[in-house]
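Construct the entire structure; sequences and hints are all you get.
In case it helps, the working numbering puts the sequence shown at residues 59 to 308.
FYI, nobody ran anything at the bench for these hints, they're computed from the structure. Hints are supplied without guarantee of correctness; some may be wrong.
Label-pair ranges, simulated between beta-carbon atoms [what the hints assert, rightly or not]:
#, residue 1, residue 2, range
1, 263, 128, 12 to 22 Å
2, 151, 197, 35 to 45 Å
3, 260, 125, 33 to 43 Å
4, 217, 303, 15 to 25 Å
5, 300, 242, 34 to 44 Å
6, 121, 222, 34 to 44 Å
Result set (DSS-like, lysine-lysine): computed pairs, CA atoms no more than 25 Å apart in a straight line [claimed, not checked]:
#, residue 1, residue 2
7, 273, 207
8, 297, 118
9, 284, 124
10, 297, 284
11, 293, 273
12, 204, 263
13, 293, 263
14, 273, 124
The beta carbon of each residue, even a glycine, is placed where N, CA and C say it ideally should be.
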Amino acid sequence: VGCCNGHIVSRLGEAAKAAMLQCVSAVSDRFSSLSGTQSYQFLMLGLEGAGKTTFLYKLKINGYKKADVQADMVYLKEVKQDPGYHFEELSSPTIGQYSIWEVPGNDVMRPLWPMFYRYLHIHGVFFVVDAFSPTCFDLDQENFRKLSKARDALFHLLHEDELRVSVFFLVLNVNRSTEDAAKKEEEEQEENALFEMLGVPEIEKMVHMKTRFRKVVLNCANISRKDSNWENILKDFRKMQVQIQSQIGS
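Rendered as structure tokens:
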């Protein structure tokens with residue numbers, strides 16, 4: 059995979075260069091092994107601390123607790139066995155075999171996101187946003203900066219040429235049960251405020267986004283592959299993909 063662009067490398071520090079080489083190797087190996095298969099490929103992106111790794115491994119391992127996921131990731135980093143990105147293969151009665159690439163959203167790894175969608179056929183993107191931290195709804199400068207950065211990243215991804223036919227799910231990762239129909243009015247107002255700050259009303263007005271963008275609210279630390287919320291997301295993905303393919307063919 060010829061993605062080790064010299065101009066990009068020259069602007070990155072040593073940590074980023076090492077991460078880039080790992081990503082190049084990972085994408086190259088996986089690209090070769092997936093050639094000719096029908097497995098759906100998903101990217102799980104978002105800023106650092108959004109809960110992406112917990113989300114992925116709650117889907118992968120039934121009963122895996124959030125605290126255990128975090129402890130295991132800390133250990134892997136300490137012994138230098140964590141490549142940063144994570145890749146897992148899963149299956150569903152709704153869409154069959156699928157794979158998820160979870161890529162960190164720190165300052166080192168964000169510039170490397172394009173490697174994953176320029177050299178792999180990505181069918182869907184899960185963009186995860188922190189809505190569970192105790193301070194995530196505080197009206198302070200740090201939160202505004204963080205949300206602005208997330209918004210910019212989301213809009214950039216939505217308009218990337220390589221992702222123009224990919225389905226997007228904006229996931230608000232909350233710290234409550236999403237099975238509870240009696241959602242508190244205050245919680246709903248807070249979530250709607252976050253969606254607005256992330257530019258969702260603007261996105262939903264774009265005609266070409268109507269068949270490829272959805273917003274969802276999930277407790278990513280309390281989910282599994284068998285969760286009805288997750289299966290409904292995969293059902294929506296399949297419907298949206300069929301719509302997108304029909305538009306391409308028309």
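Consistency of the hints with the structure:
A hinted range of 12 to 22 Å for the beta carbons of residue 263 and residue 128 is inconsistent with their spacing of about 38 Å. Restraint check, residue 151 to residue 197: a C-beta distance of roughly 43 Å satisfies the suggested window 35 to 45 Å. Between residue 260 and residue 125 the beta carbons are some 37 Å apart, a value that agrees with the proposed interval 33 to 43 Å. At about 20 Å, the CB distance of residue 217 to residue 303 agrees with the hint of 15 to 25 Å.
Between residue 300 and residue 242 the C-beta distance comes to about 36 Å, which sits within the given range of 34 to 44 Å. At about 38 Å, the CB distance of residue 121 to residue 222 agrees with the hint of 34 to 44 Å. For the proposed pair residue 273 and residue 207, the alpha carbon gap of about 18 Å is at most 25 Å, so the pair holds. For the hint pairing residue 297 with residue 118, the CA-to-CA distance comes to about 23 Å; that is within 25 Å, so the pair holds.
For the given pair, residue 284 sits about 17 Å from residue 124 by alpha-carbon distance, which is consistent with the 25 Å threshold. Proposed proximity of residue 297 and residue 284 is supported: the alpha carbons are some 19 Å apart, at most 25 Å. Taking the CA atoms of residue 293 and residue 273, the gap is near 14 Å; set against the 25 Å cutoff, the hint holds. For the proposed pair residue 204 and residue 263, the alpha carbon gap of about 24 Å is at most 25 Å, so the pair holds.
The hinted pair formed by residue 293 and residue 263 meets the criterion: a straight-line CA distance of about 23 Å does not exceed 25 Å. A hinted pair counts as satisfied when its Cα atoms are at most 25 Å apart, and residue 273 with residue 124 qualifies at roughly 23 Å.
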